[in-house]
Amino acid sequence: MITGTGVVKTFKQRGKVLGAREVRALRGVDFSIPKGGAASFIGESGCGKTTLGRIIAGLESYDEGEIVIDDVPMTPLRPKQRQPHFRKIQMIHQDPYSALNPTRTIHQTLYAPLSLRAKQTGRSAAWIEERAAEVLSLVGLDPGTVLGRYPHQLSGGMRQRVVIARALTVDPEMLVADEAVSMIDVSLRLGILALLKDLRERLGVSVLFITHDVATARYIGDDGELYVIYRGQVVERGPVDTVIADPVHPYTQSLLSAIPVLHGLERPGEEPVTPLSSLDESQSDEGCLFARRCPFQGERCADERPLLQLTEGVPQEHACFYPERRSVIARPMSEV
Amino acid sequence: MSNQAPGVRIDGLTVVYKTPAGELPAVRGVTLTLEPGSITGIVGESGSGKSTLALSLLNAVQPPGRIAGGSVEIDGLGDVVGLRGEELRKARGKHIGYVFQAAQNSLNPLKTVGKQLLDLGRSHGVDDLRGLVREAKELLGRMGLDGARVLDSHQHELSGGMRQRVGIMLALVLNAHLVVLDEPTTALDMITQANILRIVREVHAERGLTTLVITHDIGVVAEVADRLAVMYGGRLVEQGPTREVLGAPRHPYTRGLIQAIPRLTGDIDEARALPGRPPTLVTVPKEGCVFRERCELRMDVCDTVDPEPVADGPRLVACHAVNSASASTTVATKEHA
Amino acid sequence: MSATLIPETGSAASTLRRNFWRGVWRVMRRKPSRLVGVVILAGFVVMAVVGPMLLPDPLPNDPAAITRPPSWEHWLGTDPQGRDVLALVITGSRYVLLTAAITAVITVVVGTSIGLFSGFKRGRWDTVLMRLTDMKLTIPGLPLLLVLATVWRFGSPWQMGLVLGLLGWGGVARAVRSQTLSLRERGFIEAARGLGLSTTHIIGKELLPSMAPYIAMNMLISVTGAVYSQVGLFFLGVLPYESDNWGVMLNLAVFQAGALITPNALGYLLGPLMAILLLTLAIVLVVDAMDEIFNPRLREE
Amino acid sequence: MTLIARRLAGHLARGFVMILVVATISFFIVNNIPGDPMAARYEKLVEGGMAPEAARQAVKVLYGFQPDGSLWQQYTDFMAGLFRLDLGVSVTRPGTPVLDVLTDAAKWTVLPVLAGTLLSFLVGIILGVYAAVKRSGKLGDALSISGSLLHGVPQYVLALLVVMIFSTLLGVLPADGSVDILYEPGWNAGYLGSLVEHALLPVLTYALSAYGGWILAMKSSVVTVLGDDFILAAELRGMKRSIVFRYIARNAILPLFTMLALSLGLLLGGAVFIEKIFNYPGLGWLLIGAVTERDYALMGGAFLLITVGTILANIVADLFYTVIDPRVRSGEEVS
Amino acid sequence: GGSTNKSGDAAGGGGGGLFTTIDVNRPGLEASAPANPYNPKGNSFPGYSSMKLGWVKNHLTDPNQALPGIAASWEIAPDNSAITLKLQPNAKWSDGKPVTAEDVKMSIGIAYTQGSTAFSVTPGAAGAAAEVTVVDPQTVKITQDMANPSPKFARGVLDTTVLPSHVWSSVLPADFWDKLKAARGEGADAEKAREEVTGLGEKVIAFAPEKDVSAGPFVLERVNPSEALLVKNKYFFNAANVAPSQVKFLNYTGNEQIWNYLIAGKLDHAGFTAAPTDVMNRIKQANGNEVIKGYSPVAVGMAFNQSKKPYDNVHVRRGLAYLIDREQVTQVASPEGGTAAATTSGIHQKAAQAWIPDTLPSLEPYKVDAAKAEEEFKKAGLTKKDGKWALADGSAWKVSMHAPAGFSDWLSAQENIKSQLVKAGVDAEVVTTADYPLYLEELNAGKYDVGFWLMALGPAPYDIFQRLYGASNGWANVAGKVQHSAPGKNGNWMGGPEEIEVGGEKINPGELTAKLNSSDEEAAKPIMAQLAQAANQDLPVIQLWDYVNTQFVNNSRFTGWPHDDSILRMGTGVLPSGVWIQQGLIKAKQ
Ligand SMILES: Nc1ncnc2c1ncn2[C@@H]1O[C@H](COP(=O)(O)OP(=O)(O)OP(=O)(O)O)[C@@H](O)[C@H]1O
Ligand SMILES: Nc1ncnc2c1ncn2[C@@H]1O[C@H](COP(=O)(O)OP(=O)(O)OP(=O)(O)O)[C@@H](O)[C@H]1O
Ligand SMILES: [Mg+2]
Ligand SMILES: [Mg+2]
Ligand code: NI
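Chains as they are written, first to last, in my numbering: chain A, 8 to 343; chain Y, 125 to 461; chain S, 706 to 1006; chain G, 45 to 379; chain X, 812 to 1401.
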């Protein structure tokens, strides 16, 4: 179980003493992912998904707020003390090639964390070998053929599985998959998605899935939650299917409208939403962050910032003064 | 050349790359016709030879590759494969606009867009450079950009979506009527992608172009293309009108590909990955069907005989299993749905 | 649905597995000149290690044959002491190569440590160390050496190597740092940290092996640099010497034996000159080969 | 513009600190030099037949210039002098300010090295492009190897070979000094001709030794640029070959310009060997002389001047880059 | 480079064109240096553009012989107490002003600020002048301070550079001569005055005349870093007999450049320059070149630090002397510039023949003789183990020879000696020191066992032996009194015995040497014989070779080169060719 409240992260452009520029990557994000649960973060490029993922995985510090891992608050702890807690959360990188050391065989790659663990728990060398084979099997790889190889001898999908297997060596409670499939061939993507779901079901690992392709979020499990992030703020949050089927925030609606329609299989939604302009970091921070791009901007939007909340008649949390359902997503022809 | 959308007839095109293992074909015996005024989409996984094919349209396959056989007939230009030197150069840009796969980096980082536009004009002997700039501004404005500002910018001052639009502008500004877009939306996020695709569609219609869109994302093709061609291992395995192919894919690869796309709606259990891995230049089978190793309909004949594309109305499929089946009975692909 | 979990297995694994040494051999064979480089380099090492042992100490001198041109008896002629120049080149190589080796080791050890530390720690340490490195890189080396020559005794190879090494690590540090930074960006370092692996493991097992070829190349290059500057300093005659080495030979040949004037001393000049040229050539060829062997593009192919 | 001003301010501050550091280093090195130049002078006078007492007095007079006082006092004096551009008093050239001696020598270094650098730069980049384009051919290979070799071969080896060939064997060009005295200095053909004649070999040597670096750098730069997408994109847009070539050249040369600026910084101290071998009276020559004559002040001054040159060149290189590369100009770092 | 002969304003006779030479005393011309003879890099060329009162010769025995300079003639009092100079009647400066006795007096004043042999403010210095009197505009009289007289007083006076007072007067204050007088006294005031006088020295050294004003045959026209150009001074008193119209001094930093010039036949004259044999052969073969050899009053010896074992034992030193083949050493190290020393006598062979012709044959020649060496070593208690000599206590013995890095002939010699010794079973090594100053410092500090040492510096007898029995061996001459310091103190690094038994008689060589300072030729001879014997048997050094003065001349453009030993090499820093030219010896070749 991991929860975060009011997580803020601001990047200062390094090396520029005189002309420092600040990037407000996260502006007070709350989240909570239950044990064995699933959550997906979606949003445009640069809206802070990766940053949040890295903070959750303990790879990045945060400026404000609190993160609690299994009831232990992280903020008071020193970095060294945080480490064992964050080890329960493992990151799966986007690029499966760079995530593996090209000079080490898969065996070596798996051996290092396992032997560390064996030392901590006083287990034998045989256990290490056994466990290495086990995690590989867990991700659907044949240990016999894979162990001795170097990363460049594996396909993208296999590499990504190895990355996952490596994360499993420390028996994590949560996997953070940052665009874990976007660099994998189309035909293989589903395999990885299914694997993640499978691991959830079988091992009770919770999964945090970061993507800008909303559709993939569905494949993590129907009990998952969807967080729509915009410019460092969560603008809509709720069960995956609810949010996808009935988005209320215009930003979520824009995202969903943008998904290409498989003409011939699907028919487009009736009320697609197109933002007025494209994302521009330099847009004002006043009021609703989406206001400038929002086709439905109301009076309050310009100078008041809507907070994530539940309003009547809307099952999911959202941050919009004027939530309204619109039919934006394409539906299969067969449903007609 | 007329201001008409040209037709393109690719016939038996084969392109090989020189590798340590000898010359290997990245595109093999591809035959494809782009109807004048149509948008054709080519999909295929990484390494299936899409970019190579697209480059062949401009006779621009880069060493160590070369066009080893076949022809590319473009209305008003003739066989591009035979073009050389100045003729070829003039054809590029003026007759064929090409939007680069990595349009993100397709601009000279040291020069403003405007200067590069002028370079382009000079290269093609445009006398009225002012007119060219005007035209460019108009095009950019058409795509929702502030033309004057963009022309005054360097590459690094533009966002990915803007660069992509600049790429399209440069492809069209000389009035080319055949436009090739190689992965126009890869590395862009959803909203920008939707935007670009809309622009492609609109500009195509307004200007009366023949457009070829290359992508690995079926969604993109489905959005924009009239016709769809599916490539696998350097071969065209299936082609036909987009809606028909998507609605009733015949080739097992096409079917697998469509099934593998995560969708927003519908039964998620229906989706599944294709087994195996896409071939590379080295691992693609030299004879027989290129897809057979991942194919659920694999037959003995697939190991030795390369299936010929067989036409059925507007559609072509190159699969022994499908073709033999369709020869006896009519389509029987709905058994699962 | 577990049916989607299809194990991926690679086909023809054995063909993929490439033997590193076979790769080396292939690169070598592609351009035989590289093999020549390796052979020459090995020859120099053997010459420096074994050569002086095979020759009498002190070298026999023939006062009747002073500064002679090359002949059958003395392939490179004799020096102004009547000693065989070839023998001098051989005995002199020990100082030169030992110094070069020491320099290279110090350069690489110091440079790599600082670069690694700086790139790995980042933050304030990085800033301080890199400022320092920049500073060191800005001070022109040869003039500094000339000035140092007045205070420091370069007599033994150790002293010389120490100074050259301590002056030379800047470039390596910078390069290693940028490599470290770029490797850090790659996921596997971050993953290792996330897995709780120790810094020693990360540096020793993950970073260093990835950089090893690069470091090895730097080492070779710093060997050339070391040979260049030490021989140069002796050649300029600003250093005292305790034994004959190539730089001293060059100095004596030009400024004492008049090698640029009289053909008699030509051998005396050409001896060390050829040795330096050959050594440079060998290193250039080997570095060229290494470049290809270790080039990641070739490995990923 | 403000960016440039800001960068300049930062650089100047850092450069200033660095000059102080280098000055301090050179002060302490110079103050620790062992050896007794007075004894040497004395020996020389006695050897010449002067009576020992007289010789002792003469030496005392000559070294009366040497600063005294506590080390700290000397140090502060030295630093204070630095700000007045007073680098102390040379022992071998009493009465002539060190700075004058240095500037006098500097002109003999700057011109030939500048000529050599520019020459090698021009030839190097042209052949570098060629080597890059033909990199898989025999000739490209030969160019690269020759580049590496020339780059690796020590300057003095080249210089010796050049002297051997042109002066000793062929006897076509002088390798001794900077100009023939019989020509009245000034803008007359004889004098200028003599200057050029004497500079040819040093310039040639310098060019040869620098050329390798340029050809290698240019080659790798061009190879990188050739692989850049925008080049192919330009070709696919049907740009003229000449324009594409300009694109390649400009982008490939850009990093080399920085190197050029940096190498111009090394220019002051870069020709030690050449000046020694050709007896060209430049800064390097002066430095060697100062070192062998143990002329503390001169040595420290020469070293300082050479370092300052490098620092300035570093600053210029960076500013230059800022001006020329739009990416840096707008504050985006390119590494 | 090419050359355009600019005939200059040398209207007067002679008829020669450009004369090309080098200044062997000074490598490295300095273009920015002033035309000041006291400036170490000054562009003033003694013999050419700067004049001395007289040009002292290196006579074998008489230090006071000289050729006329600004002084046309002189008279030396029989007891050496005074010298009266008659100036050249029509000597003029290059700006047309006459050279006067006042010029001479001022020049002497300037010499005081710099310290010279005759004009020294050091109290008690031997051979110092007491009074300078301008007798008339053409005559100057200088008396010697007879408290500590020197037989070479006149030499010291004559060897004084004459400067134009109308250019230089500003450097000396008006009360200079009073101050000088005070300085020659005693007490604190004198000390202060001395400081002031010496303090003026800095000013003198730094003084930069706007342009060269010369009383010599030439005047400086211009200098660039590689060359200096002098043109004929038409006011020179002997201008009619000065052959060249221009003189070009070529710059050099190393000997190899001089060889180059010589081989190209470029130099009309060059002073002694060491050259390897085959270079020498090529020089000789070059068109018109001639090598003239003459006496050079210097020798080099291998000196021992007798504070170090086993060199304190005279038998060890003798044993080594028997092992070293000086012929071979000389042939390897300095084939042209030296002749192997016949034996160790402390005197140059040629001078020895003049000074001690009777004693010389009786000296032990130390011919190479391994048996005698062994005998001596045994006497010293050394032991031979496995063909290697070891110290008496059985520990290893290695003869460690030091030399400064730049001194190639010394290094060659040591390398050669090393191989000779090693062959004879004495382990040896050669250690170099960065440079001469450092070498001297460390030598003085007693850090070396064995080093090379210049000796036999003629022609004055005291100068000859003070190198062996002077300050370096513990004897200091303080205000005419000889004091001996213990080894390791006050610069006594040789550490030899204070008394030596010669022919059954104990002598104190330091005191004897000091006595030479005030002895005339006849009185000196027996003392020198004693000292030579002492040196020969005690061997504080092993005399290796006597230098030969080699001059290079070229007969293609000029002729008339002198072959007289004593004028081949003039006094300190003088360019002899300039003297020859002004004497009218050199003629243009027709
Ligand atoms: N190390 C960093 N230093 C400075 N700015 C940073 C850093 N990392 C991220 N940012 C900035 O923070 C913002 C959020 O970045 P983040 O990578 O989290 O976005 P994202 O949603 O993951 O985008 P994408 O979809 O492109 O991966 C961006 O504006 C980015 O430029
Ligand atoms: N320069 C080259 N040298 C060797 N092989 C090449 C080269 N360029 C492409 N190939 C190979 O040709 C095949 C087709 O490449 P191509 O770039 O056309 O594929 P693509 O379908 O565009 O893939 P992507 O989706 O990754 O862009 C691939 O297997 C690729 O490895
Ligand atoms: Mg991200
Ligand atoms: Mg492609
Ligand atoms: Ni099913």
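Just to be clear, a hint being listed does not mean it is correct.
To be verified - With a straight-line cut-off of 30 Å between C-alpha atoms, the simulated DSSO-like cross-links for lysine-lysine are:
#: 1; chain 1: X; residue 1: Lys-1400; chain 2: X; residue 2: Lys-1045
#: 2; chain 1: X; residue 1: Lys-1336; chain 2: X; residue 2: Lys-1292
#: 3; chain 1: X; residue 1: Lys-1003; chain 2: X; residue 2: Lys-1022
#: 4; chain 1: G; residue 1: Lys-88; chain 2: X; residue 2: Lys-1400
#: 5; chain 1: S; residue 1: Lys-736; chain 2: G; residue 2: Lys-104
#: 6; chain 1: G; residue 1: Lys-88; chain 2: X; residue 2: Lys-1022
Said to hold, decoys possible - Some but not every residue of chain G turned toward chain X, in silico, with C-beta under 10 Å:
#: 7; residue: Met-82
#: 8; residue: Met-94
#: 9; residue: Thr-140
#: 10; residue: Thr-366
#: 11; residue: Pro-370
#: 12; residue: Arg-371
Honestly, the hints are just simulated from the structure, not real lab data. Bear in mind the structure is a predicted one, so any value in this text is a computation, not a measurement. The C-beta atom is built at its ideal place from N, Cα and C for all residues, glycine as well.
To see whether the hints hold, each was checked on the structure:
For the hint pairing X:Lys-1400 with X:Lys-1045, the CA-to-CA distance comes to about 21 Å; that is within 30 Å, so the pair holds. The hinted pair formed by X:Lys-1336 and X:Lys-1292 meets the criterion: a straight-line CA distance of about 21 Å does not exceed 30 Å. In summary, the hint linking X:Lys-1003 to X:Lys-1022 is not supported, as the alpha carbons are separated by about 34 Å, beyond the 30 Å threshold. A hinted pair counts as satisfied when its Cα atoms are at most 30 Å apart, and G:Lys-88 with X:Lys-1400 does not qualify at roughly 36 Å.
Of the supplied pair hints, the one linking S:Lys-736 and G:Lys-104 is violated, its CA atoms being roughly 67 Å apart against a limit of 30 Å. Taken as a hint, the G:Lys-88 and X:Lys-1022 pair is honoured in the structure, with Cα atoms around 29 Å apart against an allowance of 30 Å. For G:Met-82, the interface hint holds, since its Cβ comes within 10 Å of a Cβ in chain X; the closest pair sits about 8 Å apart. Evaluation of the G:Met-94 hint against chain X yields a held restraint, the C-beta minimum of about 6 Å falling below 10 Å.
Checking G:Thr-140 against chain X by beta carbon gives a least distance of about 5 Å; that is within 10 Å, so the hint holds. With its C-beta approaching chain X no nearer than about 38 Å, G:Thr-366 sits outside the 10 Å limit, and its interface hint is violated. Hint status for G:Pro-370: violated, given a least beta-carbon distance of 45 Å to chain X, over 10 Å. Violation of the interface hint for G:Arg-371 is found here, the shortest Cβ-Cβ separation to chain X being roughly 46 Å, above the 10 Å cut-off.
In the structure shown, a violation is registered for the earlier hints numbered 3, 4, 5, 10, 11, 12, in ascending order.
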